Amino acid sequence: GQQVQQSPASLVLQEGENAELQCNFSTSLNSMQWFYQRPGGSLVSLFYNPSGTKQSGRLTSTTVIKERRSSLHISSSQTTDSGTYLCAMEPGGSNAKLTFGKGTKLSVKS
Amino acid sequence: GALVYQYPRRTICKSGTSMRMECQAVGFQATSVAWYRQSPQKTFELIALSTVNSAIKYEQNFTQEKFPISHPNLSFSSMTVLNAYLEDRGLYLCGARDWGGAEQFFGPGTRLTVL
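The listed protein sequences correspond, in order, to chains A and B. First residue of the first sequence: 299, per the numbering used here; consecutive thereafter. First residue of the second sequence: 139, per the numbering used here; consecutive thereafter.
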């Protein structure tokens with residue numbers, strides 16, 4: 299079955315609102331990464347966060363291993379935050395093999 | 139910094155023909171190189187994983203006969219899509235991992251269109 303469940307599939311916000319994206323995984327975890335996918339398809343690495351909390355500007359990632367979940371929080375969203383966000387996990391023992399979620403399509407309106 | 143280049147960025151091929159794409163790690167030595175495909179309306183699927191000192195391992199639904207990979211050194215990998223058909227279209231991404239690290243660095247991808 300699907301090892302990574304990402305939610306929501308899509309999200310529409312007004313500029314200034316906060317966004318919370320979630321990934322739940324069904325197996326043990328070696329690592330977790332969050333990406334932003336540009337319209338052209340290329341991936342921008344936002345966080346490499348196997349555990350704990352990391353912050354970069356308005357973005358915060360929290361991974362709780364024992365609860366098998368990771369979240370990406372976007373505060374004070376801007377229209378330029380619109381796009382697709384993907385989480386990807388490396389299952390325990392998989393040695394560099396990433397399993398991607400299906401993505402969250404975020405639309406921020408002005 | 140660690141960068142991954144992919145070439146070409148876009149390509150179009152006729153149905154039944156083959157197409158080769160390349161991936162190069164710059165600024166670091168890749169201990170593993172993974173090829174992924176994102177088909178239209180789908181998420182990324184792992185095609186194959188190549189690690190130092192081990193054979194290239196293909197995922198279910200992907201074979202060496204269809205997607206032969208060459209990984210001659212730690213910095214360079216190439217993959218060919220043989221006899222491409224409509225279901226092979228999509229974005230092909232290469233991800234590489236550095237010594238001592240678990241983070242994967244991705245190239246910009248090669249977008250394949252099959253006519």
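Keep in mind the hints are simulated off the structure, nothing from the lab. Mixed in with the good hints, there may be bad ones.
[Said to hold, decoys possible] BS3-like, lysine-lysine: derived pairs with alpha carbons at most 27 Å apart:
#	chain 1	residue 1	chain 2	residue 2
1	B	204	B	180
2	A	403	B	180
3	B	152	A	395
4	B	180	A	395
Bear in mind the structure is a predicted one, so any value in this text is a computation, not a measurement.
Verification of the supplied hints:
1. For the hint pairing residue 204/B with residue 180/B, the CA-to-CA distance comes to about 20 Å; that is within 27 Å, so the pair holds.
2. Restraint check for residue 403/A and residue 180/B: satisfied, since their Cα atoms lie roughly 13 Å apart, inside the 27 Å limit.
3. A hinted pair counts as satisfied when its Cα atoms are at most 27 Å apart, and residue 152/B with residue 395/A does not qualify at roughly 31 Å.
4. Between residue 180/B and residue 395/A the alpha-carbon distance is near 18 Å, which keeps this suggested pair within the 27 Å criterion.
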